[in-house]
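The two chains are supplied separately, each in an independent frame; assemble them into the complex guided by the hints.
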Amino acid sequence: MELHNDAVIYMDNNATTRIAPEVLETMMPFLADYYGNPSSMHTFGGQVGHALAKARDQVANLIGAEPEEITFTSCGTESDSTAILSALQTYPEKRHIVTTRVEHPAVKNLCENLDRLTGHKHRVTRLKVDADGMLDLGEYEEALTDDTAIVSVMWANNETGVIFPVAEMAKMAKERGILFHTDAVQAVGKVPINLKDLEVDFLSLSGHKLHAPKGVGVLYVRRGTMFVPFLTGGHQEKGRRGGTENVASIIALGKACDLAAERMDDENTRVRALRDKLEEGLLAAVPRSMRNGHQTERLPNTSNISFEFVEGEAILLHMNRYNICASSGSACTSGSLEPSHVLRAMGVPFTAAHGSIRFSLSSYNTEAEIDFVLAKMPGIIESLRQMSPFWKGN
Amino acid sequence: MWEYTDLVKEHFLNPRNVGEVEQADGTGDVGSLACGDALKLTIKVDDKGIITDAKFKTFGCASAIASSSALTEMVKGMSLDEASKITNEDIADYLGGLPKEKMHCSVMGREALEAAIADYRGLTLPMAEGEIVCECFGVTDLEIIRAINESNLRSVEEITNFTKAGGGCGKCEDKLREILQRTVEGKLEWIKPMEKPKKMTTLQKIKKIEDVLEREIRPGLRKDGGDIELIDVDGDFVSVSLRGACKSCAKSQTTIKEYVEKKLRELVLDTLIVEEN
Ligand SMILES: Cc1ncc(COP(=O)(O)O)c(C=O)c1O
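Residue numbers (the working numbering), protein chains in the order written: chain A, 1 to 394; chain B, 395 to 671.
Hints are computed from structural coordinates only; laboratory data are not their basis.
It is possible that part of the hints are untrue.
Unchecked claim - Simulated pairs of lysine to any residue, SDA-like, Cα-Cα distance not exceeding 25 Å: (1) 593(B) x 277(A); (2) 94(A) x 66(A); (3) 601(B) x 341(A); (4) 645(B) x 123(A); (5) 94(A) x 122(A); (6) 121(A) x 611(B); (7) 94(A) x 611(B); (8) 479(B) x 513(B); (9) 657(B) x 638(B); (10) 277(A) x 323(A).
To be verified - Just some of the chain B residues that point at chain A, by a computed CB distance under 8 Å: (11) 406; (12) 407; (13) 409; (14) 412; (15) 434; (16) 451; (17) 453; (18) 454; (19) 626; (20) 629.
Each residue gets a CB set at the ideal place from its N, CA and C atoms; glycine is no exception.
For reference, chain B alone in the conformation it holds in the complex (with noise of 0.2 Å):
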């Protein structure tokens, strides 16, 4: 079970402001229902510039509801500049802290915040002018920094945590790194040493073995006429299915074993094991 405080526990049960203004003069929509979690914020904006409501809905786990629920009780009755200066840091303060697995749920509100307000100026969004970095969840660079620089993060992982960056297919984590060391250059003490290897995670592991397929093993198997599909990815074991003339191949088995394993063990990870599907 998740350590929540009392403060997202209470937010978490009673939600405020769920739902989406009237008429809404500004409208932040981020995250997917494939990414896990994903959060609309409207808000409404008088002459002054003062945010005088906001909503929001939000799918996802207790601590992604309740950091919306924050968020929108922090900017109601905020000028749009004060708002905009509102950091992911600021909402899990709110709430009193969020376990560090969950810290990217405030990004996302900080995100919708953004969004919404840039929707009103009728502004693209710097963010989304920066180039994308992490493929996977979409984050861009100037994201990233702004997390190392509000956040003090040193670690890739820590970057993950908070921006989900590097958490998909994990291609990233080099370049990562590289803007990590970049914008703490001069900071003291900026970086442990030596990061223990991340383990790969499945997504990671997907990425990787589709790579592998596309530039590797199709090619071959074209050529024969045959292809080969990726099922699915569960710990260390892969399925695959062989289509075409490799399907009534009665060699299938060979080529998933000499061929297909021993490729994705060279390239990818040596413990994958292959079995057809």
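Isolated chain A, as found in the complex (with noise of 0.2 Å):
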């Protein structure tokens, strides 16, 4: 098979991320040179013990954390598993939890099947959203039982960007004596997080979001907090995840942590006024086109713009002939019959949802690639319109 990057315009980086050049030279040497294996004896391997000692704190600092509060997993969706199975076996008595509609697959999928993962009957609430995609705290509170285990929400959502209130979501769940888990995949490195401050018991995060390599995450686990290992093995992570350590890619991560407390700053601002350039750029130029999300309780790189009366697999393939990538909500991208469960739970209309394109930008992108898509995209729209038979002129 053929591959090629060249000059392409990454915007689709809720999806995965580049790894970072920095981050790729501070791997390398433990994929070449340096591959002890870190629980070993000898001076060889216990040096690589040193180095994931390192990441471990780096990761820590980011998201203000103690070292010992940081377990690595292979992924972010095994962080999220990990979270919620712990709880429910620490409470077993306990068979209630509640999360959101919102959910991604990792965590809306595992509670659709507790039930035969626990051999024990569960009760799922999932909070409503609203139009702009925002939970009701009111609801959140009533839905809140001396039966619920565990709260688990997303700190921030992969579709939209939409940021739910999290700080105050885990200090109403602590009051009640529940555990508060929170998915923030989409929100480390793009947002700040000081866990010192919250009362968050599990959090998820996953390495190749935050332009480290895919294949690496994160439980944070909060000291004091009772926890269930989901890979019992070795003793590695202190028994709370066996199975030898995915060493580059933990020291990557450790890494990109450090480069994304640094570019913290740009992505709240430069990446943050290049996103909202391109957004109402779109959506000044083309008619009938409209933001998925809240406009200001949001990712400061993500942006979900539904163009009516045309489907979202022609929109994606066009701009591929650019080179331009992104991502959307509608059914035939997925294969599936319907469009996303994320737009569908906001009440975006179908043909608006069928539509939606999602662009994620990072630190990465510049002023001439938004330049370039303002430029090409009301294009694409109109030449998909001109065909469509429901398009009947602005």
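Right under this line is the structure:
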């Protein structure tokens, strides 16, 4: 197969990110030269253990945690599963879980299969979102019961970028003695997080969303929170997660966390301004287009826009011609008959959901790229609309 | 990402004959926004019965647009008799093939062509005279039989890929199997002995749930001055809204869990989780 990456305009960073060159440079020696097992008694392996310890410090630093609160996993999905299943095993008599209707499949599908996985019957409350993708904290408060074992609410939504009030929600759970997990896979590195100020028990993050490689994740477990491992095995990660460590990727993730901390300001100023320019430009230039998701309570890098009367796969393939990479919530792209569950939960009409495009930027994007996309998109939408039997003009 | 041939990509990116011919002699309108794809084909026919021009407008994905473009190129210059022999396979072949999940796009093309020719001749389509088997997508037995014969279909899943029939609520699956058996009877090696049960799609669930609500649940609630409405189905999560007297009833949670969920699990799918909207 032929591979290419010439002049790609990459605006699909919520799907995955490029490995930062500095990160790659940091991890390479651990693939090539320092291949020892960090658990070994010899210095050759032991030195790798020291490098892992440094990575743990770096991750802890980015999110305001202690190093011993960091457990490395294989991905965000594993972290999510581990947190929720641990809570259910910690409180086997509690059979209720509170989550939302817009979670990533990592949490959504787990909650659908809890009974099969645990062998017990569970009740799941999935909080509604409004047209902006926001939760109702009154509904949340009412949902918490003495039977609730854990709350799992994402920090930021992968499709719309909408941010949930995690600090407040964690506090409300804590007051009721309920464990709180947040899937922060999309938030870490994009918005400041300081777990010292929060009542969060578990937090998931994933390397490949912040310029580290795919296949490495972290589960933060607050000190003192009861924990039951998901993978039992060797004594790695202090017995919290068996399996020889993915050394190079963990070291890469550590470096990526340092970089994310350095670039946090850039992400929230320059990248945000680029995103806003792109979004405002598209909404102004393309009639019958609209933003999906709250305008301000949102990640600085994400913009989800619906173009009515055209189909997302067709839009993406036209963008592809210009090497512009993005995503769609349309049904045709996934091969299923329905469009995205997130947009449906927000009540976005099918006609608009079919034509939704998610742009997700990173600090590698430039203003020239935004200008290029702004120059190309209106023509793409217009040409597809000219072809659409439903388009009756503006 | 779908595996499209270069020809599909080429026709998608540079579609031929987009638009509507002026003073069309025949028009074929198929599909709908709700179905996810739609095609309007217009043709011009001269006094010798030759198609002199053809144009299309399509809403849908790349393969829907490419199939429409290919169709217009194929029929231009053909006599109506020649054109009426075009099959969906011909359209797919013209494009070097389509992914099997997208074959219905080529069927949509053939249907629009037939509709346009029938419109020109002032005829009612024989297909429209057949008996509707799939109510969700309005597919008749004649269309299904034709697809089975033309494309050598050998399973219900293939029928769905080609005609969309059975891709909605799935209630017609038994009928589809029966039609399949009848149609291929006597042909060698006609069927895989056991088809694995298909996972229910959301549309199928919605239909079945609506059915059970109407038959089994609403009558009881209405007696007490209440009602229930289905709001959404997301995977195994079914969100409903209680109405009337049920809405303010202190026992609404119990109604939902003990009554509604139990019935739906029993009659639709035993993994369903009912939640109040
Ligand atoms: C919100 C969210 N949670 C979880 C995941 C899963 O992460 P991973 O791919 O590392 O398993 C993703 C990635 O798509 C995500 O966006």
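Cross-check of the supplied hints:
no., hint, verdict
1, 593(B) x 277(A), "violated, 44 Å"
2, 94(A) x 66(A), "violated, 29 Å"
3, 601(B) x 341(A), "holds, 18 Å"
4, 645(B) x 123(A), "holds, 17 Å"
5, 94(A) x 122(A), "holds, 9 Å"
6, 121(A) x 611(B), "holds, 23 Å"
7, 94(A) x 611(B), "violated, 30 Å"
8, 479(B) x 513(B), "holds, 16 Å"
9, 657(B) x 638(B), "holds, 21 Å"
10, 277(A) x 323(A), "holds, 20 Å"
11, 406, "holds, 6 Å"
12, 407, "holds, 6 Å"
13, 409, "holds, 7 Å"
14, 412, "holds, 5 Å"
15, 434, "holds, 4 Å"
16, 451, "holds, 4 Å"
17, 453, "holds, 4 Å"
18, 454, "holds, 5 Å"
19, 626, "holds, 6 Å"
20, 629, "holds, 5 Å"
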